[in-house]
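**Student:** Chains as they are written, first to last, in the numbering used here: chain A, 2 to 406; chain B, 9 to 187; chain C, 25 to 315; chain D, 64 to 148.
Hints may contain errors.
Unchecked claim - With the Cβ distance kept under 7 Å, some of the chain A side facing chain B (calculated, not the full set):
| hint | residue |
| --- | --- |
| 1 | 18 |
| 2 | 65 |
| 3 | 182 |
| 4 | 283 |
| 5 | 286 |
| 6 | 371 |
Rather than coming from a laboratory, the hints here were simulated on the basis of the structure. Where is the CB? At the ideal position from N, CA and C, for every residue including glycine.
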Amino acid sequence: MADSSANAGPKLESMKVVEGSYALAHAVMCCSPDVVSAYPITPQTHIVEHLSKFVADGKMPSEFITVDSEFSALSALVGSSAAGARCYSATTSQGLALMFEVLYNVSGMRLPVVMTVANRALSAPLSIWNDHQDSMGARDSGWIQLYAESVQEAVDLTAVAYKIAEAEDILTPAMVCMDGFILTHVYEPVQLLDREIVNEFLPPYAPKIVLDPKNPKTFGAFVDPSMFTEYRYMQYQAQKRALLAIERADREFFEIFGRSYGGLLEVYRGDDAEIMLIAMGSVCGTIKDTIDELRSDGVKVGLIRIRSFRPFPVEAIRKALADASVVAVIEKDVTVGNEGALVSEIKAALYNSKVGIPVIGFVVGLGGRDVTVAGVKNVVSKALGVREGRMDHEFEFLSLREELL
Amino acid sequence: MKEIRFHGRGGQGAVTAAEMIAVAAFEDGRFSQAFPAFGVERRGAPVMAFARIADEPIRMRSQIYQPDYVVVQDVTLLEVVDVASGLSPSGMIIINADRSGEDLPLDTAAKVVTIDATKIAIEILGRPIVNTTMLGAFCGATGEVGLEGINKAIIERFPGELGKKNLAAVKAAYERVTS
Amino acid sequence: MQNLFAPGHRACAGCAMPTAVKLILDAAGPNTIVASPTGCLEVISTPFPESAWEVAWIHSLFENAAAVASGIDVVMKRLGKEDTNILVIAGDGSTFDIGIGCISGMFERGHNVKYICYDNEAYMNTGVQRSSSTPFCTNTTTTPAGKVSFGNPLPKKDMPAIAVAHRVPYVATASVAYPVDLRKKVKRACEIKGPAYIQISAPCITGWNFEAGNTIEIARLAVETCLWPLYEYVFGELDGVKKVRSKKPVEDYLKTQGRYRHLFRKEGGAEVIAKIQAMADANALKFGLLG
Amino acid sequence: MKLSLGAMAEPGSTRVTKTGAWRTFVPQVDHEACIKCSLCEIYCPEACIHQVEGLFVPDLDYCKGCGVCANECPRNAIEMILEEK
Chain A
2 MADSSANAGP KLESMKVVEG SYALAHAVMC CSPDVVSAYP ITPQTHIVEH
52 LSKFVADGKM PSEFITVDSE FSALSALVGS SAAGARCYSA TTSQGLALMF
102 EVLYNVSGMR LPVVMTVANR ALSAPLSIWN DHQDSMGARD SGWIQLYAES
152 VQEAVDLTAV AYKIAEAEDI LTPAMVCMDG FILTHVYEPV QLLDREIVNE
202 FLPPYAPKIV LDPKNPKTFG AFVDPSMFTE YRYMQYQAQK RALLAIERAD
252 REFFEIFGRS YGGLLEVYRG DDAEIMLIAM GSVCGTIKDT IDELRSDGVK
302 VGLIRIRSFR PFPVEAIRKA LADASVVAVI EKDVTVGNEG ALVSEIKAAL
352 YNSKVGIPVI GFVVGLGGRD VTVAGVKNVV SKALGVREGR MDHEFEFLSL
402 REELL
Chain B
9 MKEIRFHGRG GQGAVTAAEM IAVAAFEDGR FSQAFPAFGV ERRGAPVMAF
59 ARIADEPIRM RSQIYQPDYV VVQDVTLLEV VDVASGLSPS GMIIINADRS
109 GEDLPLDTAA KVVTIDATKI AIEILGRPIV NTTMLGAFCG ATGEVGLEGI
159 NKAIIERFPG ELGKKNLAAV KAAYERVTS
Chain C
25 MQNLFAPGHR ACAGCAMPTA VKLILDAAGP NTIVASPTGC LEVISTPFPE
75 SAWEVAWIHS LFENAAAVAS GIDVVMKRLG KEDTNILVIA GDGSTFDIGI
125 GCISGMFERG HNVKYICYDN EAYMNTGVQR SSSTPFCTNT TTTPAGKVSF
175 GNPLPKKDMP AIAVAHRVPY VATASVAYPV DLRKKVKRAC EIKGPAYIQI
225 SAPCITGWNF EAGNTIEIAR LAVETCLWPL YEYVFGELDG VKKVRSKKPV
275 EDYLKTQGRY RHLFRKEGGA EVIAKIQAMA DANALKFGLL G
Chain D
64 MKLSLGAMAE PGSTRVTKTG AWRTFVPQVD HEACIKCSLC EIYCPEACIH
114 QVEGLFVPDL DYCKGCGVCA NECPRNAIEM ILEEK
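This is chain A alone, in the form it adopts within the complex (with noise of 0.2 Å):
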């Protein structure tokens, strides 16, 4: 949980400027998926194409169902990780609540299938356009949830995310959350993953027991109340696991590639900061930059981006807090009926420990409003006037445009 300054990232003659799409497609081929299955939906779409393509010229020896819908998608997918196969998936918005049930059955099932959510926001209005309440809405399926900030980030957590979930002692799904459009259709400088080197960092998945007429197993029968609670607390004892599986991949990835992001959160110029913001995605760059500019300015404040929202790293969120002043949450969602989802796991975190601080929240960037530095800045003043003692609201939406209202 260092600085993530230590961090110098690729060098630029090994890097390629490429779609995000075309990068995680290429990531995908990469770790060898056995079996692809995937309905096409705007923004993930030309991450399917790629793969297709990739299949249909040979260079990936992978099955591709090309499926009816994205609930047969990631229902095939049972089939296929039950019967033993290394499977991949990629959705956003509605598809991935298309599969909502679905992904229930995956984790309980403990099938360490991986997805790219692509994130979009829900329908209605109907948008196309990037926000997290498709994978929030997800965040109590069961499933491992990792953001990514850049296309980077994506491409190696997808390596990192098959590693995590097909640990013995994890067996659990991950979805890999990419912002639509401003990951998955940018354009920049990204080192594309090696097939060899990937092998060398993702042993094969070999589950002991799969689907197979020669060793006849039940899988998913019913439980009743005399053991389904122990059943989720198997899960919820994986994910707590989880938590160590992913500082540990972070850092065996680091070995073997040279790129580390700090394991469950990163904590970007933190070390003094009296105003931390909280964010997750791609937002955390332009976060970042109005960071650099402030501190310029003498403003002390910092970010602590959350990389992995499932599991929550509690602990870690508490110890990167310990010297802040005031907690700004800065998300790209909301629980409509309440607040922001991450803002209130944030006060949940905080509420039994020794950091009593100050927690507001934001809503930004719904259905794929831009974030801009001057957002950004106005949470920090909002931020800098609660620590005066100023607290206008607990929870807002940034920039609402009240003439439309």
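Chains B, C and D: place on chain A using the hints.
**Tutor:** Frame of chain A, contents of chains B, C and D only:
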């Protein structure tokens, strides 16, 4: 960091132009980023795309509001879009037009460069697709990216005969604005 | 007989479905993987930590067994184990209604999956609610017969025709009352590469409301009245029917079951029975069941 | 017992549950009248009628007493009688 905004119409390749700027800048040894103003626009509708070039890795993800450069692929856009919005006074706007900047309805302190890219494109490519031609003009007028990088980006994107024709269009535009 | 469906399962005494399942597995043999959706079969066969299944078996959800089986199919192909029989054994609710999207996808993609529906003509697991497999004027808990109602107002959906329309290479109907025929059809389905659909008449003692011992007899009457024609479609062509030697009137079938009691008690019931008789007659004509 | 991941169960393990306890009527087979057509075995929903030393015998550990065998026997060689417990 230099920020560039492209204005075009759906189907004119504004997004591709932004991507090729990013590839070309990277070829020059700099960091870059390109992305469309993600929309549902169909062929003919006004579209925008963005590019950033910097010596450091680029983290900024917001759209571009105060560009250093603006590239306008279709002069008719001036009537419907405030193409010079936020343009830095020390910056430059490059417009595909058959007349000089003074004759255009523009409100900007920045330098205005016009080029009849449509004519060049029709002459060389046989089609009024101006995105590569405008890249040549951008390259020549701003010096932000090298011609070699642009050429490499174009060959990667359009292999074969089409690539060669586009290189010729780039060269013609480059020479037009630098002469 | 190979016994690949163990006793100790929790089906109602006299249920037709376990008989269907053991006949299916006898025909398919041990080199088989079964996917079953949520329903009576799943509940009675897999109360954790027990299982009645002697073959590899998986349950995922109510509406996705065909998709799950698709996923198994691609892995078996990949492993070079294409000789594995991949079966779905599902009830009519998950087949006719909630799972039909996944089934259509599986058929259309041509997976080597044999989809077998044990058809008891309503949602029995949840207490006899109407499904789109429920026949005309049947009394169910969501289409109860009442003062102004004769029960389910709609005719049974023609699911085999939907399968045929997908160009499924092998489509058949079967009945627990005709075990030799049933096993032969499952074997034939397994021999033909690609998807198959078999729909088995499986009376339900609680939902249909009859005495436990009469299960097979009632299934036989459905065939003998021509309400449940037994036929096969191979590559889209009708490829044989089980002839009915002496066609019985539909009353003989209807009167055996509590779910049709209202037809014999309510005014206007005779007209409804005449309509049902017309459906049976149409079946006899369409499939050439007589003579 | 420790819980298996994904609620995995062993094949045929319902055998530990003796559903014979559900029974009210019990089949009584007249082996003299039996013509060994095996229809009772084929139709039995519990798969609990088997040939033992040439005779068709219901396994009363599992027989739920449904009476399908008695009903389907072409020679009426099986009779369901109230079981004394």
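**Student:** All hints, please: hold or fail.
**Tutor:** A quick look at each hint next to the structure:
1. 18: With Cβ-Cβ at 5 Å, under 7 Å, it holds.
2. 65: Hint on residue 65/A: violated, closest Cβ of chain B at ~26 Å, above 7 Å.
3. 182: Cβ of residue 182/A sits 4 Å from chain B, so the hint holds.
4. 283: holds, 5 Å
5. 286: holds, 3 Å
6. 371: holds, 5 Å
The structure fails hint 2 only (numbered hints given earlier).
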